[in-house]
Amino acid sequence: MKKTVRNRLTTALLSVGILTATNGAIAAPTADEIVNRTNYVAYYQGQDGKAKVKMTITDEQGRERSRQFVILRTDEPQTDSLENNAYKGDQKMYVYFSRPADVNKMVFMVWKHPGGNDDRWLYLPALDLVKRIASSDKRTSFVGSDFYYEDVSGRNLEDDHHELVSTDDNYYVIKNTPVNPDLVEFSYYTMYIHKETFLPIQTEYYDKNGVLYRTNKTLKVDTIEGFPTVTKSSMENLKTKSTTLMEYSKVSYNLGLPKEIYTERFLRKAPKKYLR
Amino acid sequence: MIRKSALLTILIAVPLASPIQAAPPALPSGLSSGSNNSPEMPAGLTSAPSLPAGLSNESSTSDAFSNTDDSEMPFSINGFWEARGGHRTQSDPYERGTSIGETRLQLEMQKEFEHFTANLTTDLLYDTVDRDRHIDLEQGTGWLDLREANVEFSPVDLLDIKLGRQILTWGTGDLLFINDMFSKDWNSFFIGRDEEYLKAPSDAIKTSFFTSVANIDLIINPKFDADRYIDGRRISYYNPVMGEISGQNAVIETDQPDGSEVSVRIYQTVGAYELAVYGYDGYWKSPGGFDMTTGLATFPELAVYGASARGPLSKGIANIEMGYYDSKEDSSGDDPLINNSEFRFLAGYEQELIKDLTMGIQYYLEWLMDYDNYRDTLPIGSHSRDEYRHLLTTRLTWLTLNQNLQWSLFVFYSPSDNDAYLRPKVNYKIDDHWTAEAGGNFFIGKQDYTFFGQFKQNNNLFASIRYGF
Numbered sequence: 000m001k002k003t004v005r006n007r008l009t010t011a012l013l014s015v016g017i018l019t020a021t022n023g024a025i026a027a028p029t030a031d032e033i034v035n036r037t038n039y040v041a042y043y044q045g046q047d048g049k050a051k052v053k054m055t056i057t058d059e060q061g062r063e064r065s066r067q068f069v070i071l072r073t074d075e076p077q078t079d080s081l082e083n084n085a086y087k088g089d090q091k092m093y094v095y096f097s098r099p100a101d102v103n104k105m106v107f108m109v110w111k112h113p114g115g116n117d118d119r120w121l122y123l124p125a126l127d128l129v130k131r132i133a134s135s136d137k138r139t140s141f142v143g144s145d146f147y148y149e150d151v152s153g154r155n156l157e158d159d160h161h162e163l164v165s166t167d168d169n170y171y172v173i174k175n176t177p178v179n180p181d182l183v184e185f186s187y188y189t190m191y192i193h194k195e196t197f198l199p200i201q202t203e204y205y206d207k208n209g210v211l212y213r214t215n216k217t218l219k220v221d222t223i224e225g226f227p228t229v230t231k232s233s234m235e236n237l238k239t240k241s242t243t244l245m246e247y248s249k250v251s252y253n254l255g256l257p258k259e260i261y262t263e264r265f266l267r268k269a270p271k272k273y274l275r
Numbered sequence: 000m001i002r003k004s005a006l007l008t009i010l011i012a013v014p015l016a017s018p019i020q021a022a023p024p025a026l027p028s029g030l031s032s033g034s035n036n037s038p039e040m041p042a043g044l045t046s047a048p049s050l051p052a053g054l055s056n057e058s059s060t061s062d063a064f065s066n067t068d069d070s071e072m073p074f075s076i077n078g079f080w081e082a083r084g085g086h087r088t089q090s091d092p093y094e095r096g097t098s099i100g101e102t103r104l105q106l107e108m109q110k111e112f113e114h115f116t117a118n119l120t121t122d123l124l125y126d127t128v129d130r131d132r133h134i135d136l137e138q139g140t141g142w143l144d145l146r147e148a149n150v151e152f153s154p155v156d157l158l159d160i161k162l163g164r165q166i167l168t169w170g171t172g173d174l175l176f177i178n179d180m181f182s183k184d185w186n187s188f189f190i191g192r193d194e195e196y197l198k199a200p201s202d203a204i205k206t207s208f209f210t211s212v213a214n215i216d217l218i219i220n221p222k223f224d225a226d227r228y229i230d231g232r233r234i235s236y237y238n239p240v241m242g243e244i245s246g247q248n249a250v251i252e253t254d255q256p257d258g259s260e261v262s263v264r265i266y267q268t269v270g271a272y273e274l275a276v277y278g279y280d281g282y283w284k285s286p287g288g289f290d291m292t293t294g295l296a297t298f299p300e301l302a303v304y305g306a307s308a309r310g311p312l313s314k315g316i317a318n319i320e321m322g323y324y325d326s327k328e329d330s331s332g333d334d335p336l337i338n339n340s341e342f343r344f345l346a347g348y349e350q351e352l353i354k355d356l357t358m359g360i361q362y363y364l365e366w367l368m369d370y371d372n373y374r375d376t377l378p379i380g381s382h383s384r385d386e387y388r389h390l391l392t393t394r395l396t397w398l399t400l401n402q403n404l405q406w407s408l409f410v411f412y413s414p415s416d417n418d419a420y421l422r423p424k425v426n427y428k429i430d431d432h433w434t435a436e437a438g439g440n441f442f443i444g445k446q447d448y449t450f451f452g453q454f455k456q457n458n459n460l461f462a463s464i465r466y467g468f
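In order, the protein sequences belong to chains A and B.
Using numbering that gives the first Met the number 0, read the first sequence as starting at 0 and increasing by one per residue.
Using numbering that gives the first Met the number 0, read the second sequence as starting at 0 and increasing by one per residue.
Hints are computed from structural coordinates only; laboratory data are not their basis.
One or more hints might be untrue.
To be verified - Here are some chain A residues pointing at chain B (derived, C-beta under 7 Å):
hint, residue
1, G61
2, R64
3, P99
4, A133
5, D167
6, L218
Just so you know, even glycine gets a beta-carbon here, dropped at the ideal spot from N, CA and C.
The shape of chain A in the complex, shown without the other chains:
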């Protein structure tokens, strides 16, 4: 008899424990909260930012190609606040290429409108030509690398349904399913988001047959001016067996970049002091 009482007590205590644990889970952020936070950390930290980027593309046969550019970014929203996702909004980007030689001094400029078509320009220095370029499929290769245009500039959160599938010591695991599957080549992708920093550490893309075919990995993180920042990442395409390594240097935030940088004036005359 005693045994039974004891057992009951144990059961009750355990139940409380489970309940507490459940309560803890409820207090944990929702999938939408997590992806919003990740979107902020990955693309919107600081009012503006700068990074020098080196890309190394290695194909199936081990042949390497590289790209070097400086990227400047300014957010339209004047706040970094996560409340009501106030940080989110239009962004402007200025990408100044230095390598390889045939794209030296070329500039790619984007006025990004999440949810709409971006405005893009290309400046070709040898012709002094400011070319307006048609907005392309956002899931096409960025400058011939394994990263897509959307990987570099950010995918609109409203384009996917987000579901928190599991949580462990380090990660929130989010499954993202496209709202309109016809527009994309994947059926879903899974993100491992670091619980403390909300940085996406690994993203796995599954094709229409549910087969993993593309993996993005964060290889190095540095805290720069208080912002946890990915300084080395890779994208591997398992179908083409091509991998791109992306290394960031000279990262800085809140430089006070003038808005005028993102105009024709500075396409034709690169703002050197901000590109060093």
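Keeping the supplied structure of chain A fixed, place chain B upon it in accordance with the hints.
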């Protein structure tokens, strides 16, 4: 039916199952893991990824990002070396079979000083086709072509000045120019040099003012810079005096004006739309007149007034541009030896059709003013131009092999002149330095005297190899 539903189950089940099967990543360096006493996942269910560098517990050994800077040189130097060869695909009685045969070293130097930047771009050229010519920096002949030699500075915040030899471009057309009155090199374009050589340099003072209302570019060429026009030396053309296609047997000799040129553009971006108005006061850039007493071709006075708009439309980019060409020395159009005034118009649209395949189309019109006077005074026996010259263009660009192999085709077709010009090209980036290219220039025309038809003996194929540094 059963099979179908089974398939559906699999399709649904597989994606749902996968997140569990997938191995979570290791934390990168720079990220620390939380209390890492969670049990290992059993075999088969594999565990989450480990933290990357920077997130692991090890004291954040931020070995700082090595500044992989190209060591700070006193000045930057870039450029390329290339060899390019080409041949006519038919014989031309007045030109060599070799349409292009040259090797070129381009050196591009830039030096930043405290208050200004200096740019110098020189092309050293060994040309087997035109080898006897002396250096002419205006026409770009000889072993040296000075592309750029200028200084840039901003005396005040809202003002940019670029002084010296420079390449200048504006306007919205694709290989069609209405308000861009800066020098073009039509010979380079037709013999298969890189597209950058379509633009010839100008010796000019460019002053740009930037205000919140509008931006203003004012460009003064103290001395007239002509196009590197078709003169018969390399490209055969229709000679109206001889009444036939001519080449080295009838090289055009010109009398160039000493006067200056002024170009103005006032522009502003409104929302996503780029609006501009333009003005030009100078001369026809390629010969537009003929002096009977000297027998020289001339560049009569010309003023151009125009406007353009460019912006997003549907899934692409649309542009529209127009210009009125006021041929000031023949304002009534009754001088048969000087070009009449013209109204020019173009409308274009470009869109990505499918991934990595882009198409651009344009409609272009040249409307000859005072057409009756032109017809009435036209010398007997001359072929008259149409009052309206319509032109359609298409550009197709297809990127393959991770954008390393680019196929392109540009077609000009005139239904009114009944002629066409095709520019197919394939470009392969072998690696970060080497590029190989092959292409052609094909002119089709029933008549010898239409704009593209006159070049039909210049059809050519070319190939090149380039090393960039």
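| field | Hint validity - G61 (chain A) Cβ closer than 7 Å to any chain B Cβ | value | violated (12 Å)
| task | Let me know if the C-beta of L218 (chain A) comes in closer than 7 Å to any C-beta of chain B, holds or violated. | result | holds (5 Å)
| message | Would the hint on P99 (chain A) be counted as holding, given a Cβ-Cβ threshold of 7 Å to chain B? | response | Constraint on P99 (chain A) satisfied, holds at 4 Å.
| chain B contact restraint for R64 (chain A) - C-beta distance below 7 Å | holds (6 Å)
| query | Close enough to count: is the Cβ of A133 (chain A) nearer than 7 Å to one in chain B? | reply | holds (4 Å)
| query | Does D167 (chain A) pass the interface hint, meaning its C-beta sits closer than 7 Å to a C-beta of chain B? | reply | With a minimum Cβ separation of about 5 Å from chain B (threshold 7 Å), the hint on D167 (chain A) holds.
Checked against the numbered hints above, the structure violates only hint 1.
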